[in-house]
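From first to last, the protein sequence lines are chains A and B.
The first sequence: position 58 = 58 (this note's numbering), numbered continuously.
The second sequence: position 181 = 388 (this note's numbering), numbered continuously.
Keep in mind that the hints were calculated from the coordinates and are not lab data.
Quick caveat, the model's predicted, so the values are computed rather than measured.
Among the clues, some could well be false.
Once the Cα atoms are required to be at most 25 Å apart in a straight line, the calculated BS3-like pairs of lysine-lysine come out as [stated by the list, open to error]:
1) 87/A to 281/B
2) 242/B to 87/A
3) 281/B to 95/A
4) 95/A to 340/B
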Amino acid sequence: MKMIDVIKDDLWKNNPVTIQVLGICSTLAVTNIFLNTLIMGLGLTFVTAFSALTISLIRNIIPARVRMMVQTLVISSYVVIVDIALKAYVPDISKALGPYVGLIITNCIIMGRMEAFASSNRPGIAFFDGMMSGLGYSWVLLVIAFFRELLGFGTILGVAVLNPLMHGLGVTEGWIQWSFMIMAPGGFFMLALFIWVSNTIIVNKVK
Amino acid sequence: MKRPLFTILFMIIITVVFVSALAVVNEFSLDRIQKNLAMQKNQSILYAFDILPAAVQEDRLPSTCTTSDIQWDKTEISKRMKNEIHVIRLPVNPQEKQLLKGSFLAIGDSVEIYVRTDEKNQILAYGFPIQGKGLWGTITAFGAVSSDLTRMIGIDFTQQTETPGLGARITEQSFKIYFRNLDLDGFFRQSKLAPIVMVAQKDQTNLEKSTSSVEAVTGATLTCNGVLNMVNTDLRFYLTLLKKNSS
Numbered sequence: 001m002k003m004i005d006v007i008k009d010d011l012w013k014n015n016p017v018t019i020q021v022l023g024i025c026s027t028l029a030v031t032n033i034f035l036n037t038l039i040m041g042l043g044l045t046f047v048t049a050f051s052a053l054t055i056s057l058i059r060n061i062i063p064a065r066v067r068m069m070v071q072t073l074v075i076s077s078y079v080v081i082v083d084i085a086l087k088a089y090v091p092d093i094s095k096a097l098g099p100y101v102g103l104i105i106t107n108c109i110i111m112g113r114m115e116a117f118a119s120s121n122r123p124g125i126a127f128f129d130g131m132m133s134g135l136g137y138s139w140v141l142l143v144i145a146f147f148r149e150l151l152g153f154g155t156i157l158g159v160a161v162l163n164p165l166m167h168g169l170g171v172t173e174g175w176i177q178w179s180f181m182i183m184a185p186g187g188f189f190m191l192a193l194f195i196w197v198s199n200t201i202i203v204n205k206v207k
Numbered sequence: 208m209k210r211p212l213f214t215i216l217f218m219i220i221i222t223v224v225f226v227s228a229l230a231v232v233n234e235f236s237l238d239r240i241q242k243n244l245a246m247q248k249n250q251s252i253l254y255a256f257d258i259l260p261a262a263v264q265e266d267r268l269p270s271t272c273t274t275s276d277i278q279w280d281k282t283e284i285s286k287r288m289k290n291e292i293h294v295i296r297l298p299v300n301p302q303e304k305q306l307l308k309g310s311f312l313a314i315g316d317s318v319e320i321y322v323r324t325d326e327k328n329q330i331l332a333y334g335f336p337i338q339g340k341g342l343w344g345t346i347t348a349f350g351a352v353s354s355d356l357t358r359m360i361g362i363d364f365t366q367q368t369e370t371p372g373l374g375a376r377i378t379e380q381s382f383k384i385y386f387r388n389l390d391l392d393g394f395f396r397q398s399k400l401a402p403i404v405m406v407a408q409k410d411q412t413n414l415e416k417s418t419s420s421v422e423a424v425t426g427a428t429l430t431c432n433g434v435l436n437m438v439n440t441d442l443r444f445y446l447t448l449l450k451k452n453s454s
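Looking at chain A on its own, in the form it has when it is part of the complex (with noise of 0.2 Å):
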């Protein structure tokens, strides 16, 4: 498979979120802050690509009966060198993810990419294709969380943007937070629509 088809795919045409609708827990649970989920979105990308990697150079010599062990075993270890880095290094930010950061084991975005390509491909490739998955989960997540902060909270990346526009409006009681946007139901309408825009903009264009 190219390059080009592997970005094409992953970050849009076959996109894990919108089309393979994959990894929807993490999706609803950390979308409601923009900086929670660009970290958690890195967070998935370095261990999809990095697990994809390690599959890929042993693939010839796992056992099919164990393979999906194995493939557990790769992920969680890289999910805990990850936990381990944003203690040592981001400390505020590992608080803030809190619990999140280990139930990236848990994301089937990760375990498709294994059965589905890293298994079957060359490491260089797998590499690529585990980066890409990551990296079109996290664009549909950053999307998303981007519209739950700025209309639950009123911020961008913490930074109050809605209260001081309506004041300059002449709004006095400034910006009254969309509550729901931060809650789980947020998650599910915000996501549900992107589904859905994404998914006529593709059929339109096969059409």
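Start from chain A and add chain B according to the hints.
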């Protein structure tokens, strides 16, 4: 027969390889992680005791500011902890332990109390860990009260797994500020009312006018209830203990 043996050997070898790699990574970063944890703990203790860097004015901190956002010089943290904060142990009798019914604190026969003193070794405040049940897990905090036990100096939430953006906002300045100068007289009155209450909205902080109420986080009812219960329960225990030992 050979195939199962290869499978078992393969699993053993790959597990050993990855676990060893993780052990090495852990070993190299353990020191750094422990220093980070100690630094975070000290920052929390200093915040609860209302000790902030000289350049920081608390009334100018953003409402979403957490303790880790406050810029400290690391050497200053160590210096202030060493010079101003001391740890003592107070004995706890079974009747006093009964006060912790429903609390998450695990207390033995004695309990650690942090004491803030001035240059003349006069006691300014007492501090202690507080623990309770949040919505998703245990909430751990550090609270401080004045030396005469009438006012709360401050609180900081050191560990919590509440919903980011909702319950997790208890770590933000906009919630914690209401614990500064909180009136603790309710703990010494015979009353069925809870000593500290939580209200939906307050027009003034307790620094402006001391009351026994704090402002809740909108949309985080269960987390706020958890915080209220743990503060009421654990403070009752510590204030009783400190009052008995104050002489």
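Hints, one by one, checked against the model:
1. 87/A to 281/B: Holds, at roughly 17 Å.
2. 242/B to 87/A: 11 Å, holds
3. 281/B to 95/A: 19 Å, holds
4. 95/A to 340/B: 18 Å, holds
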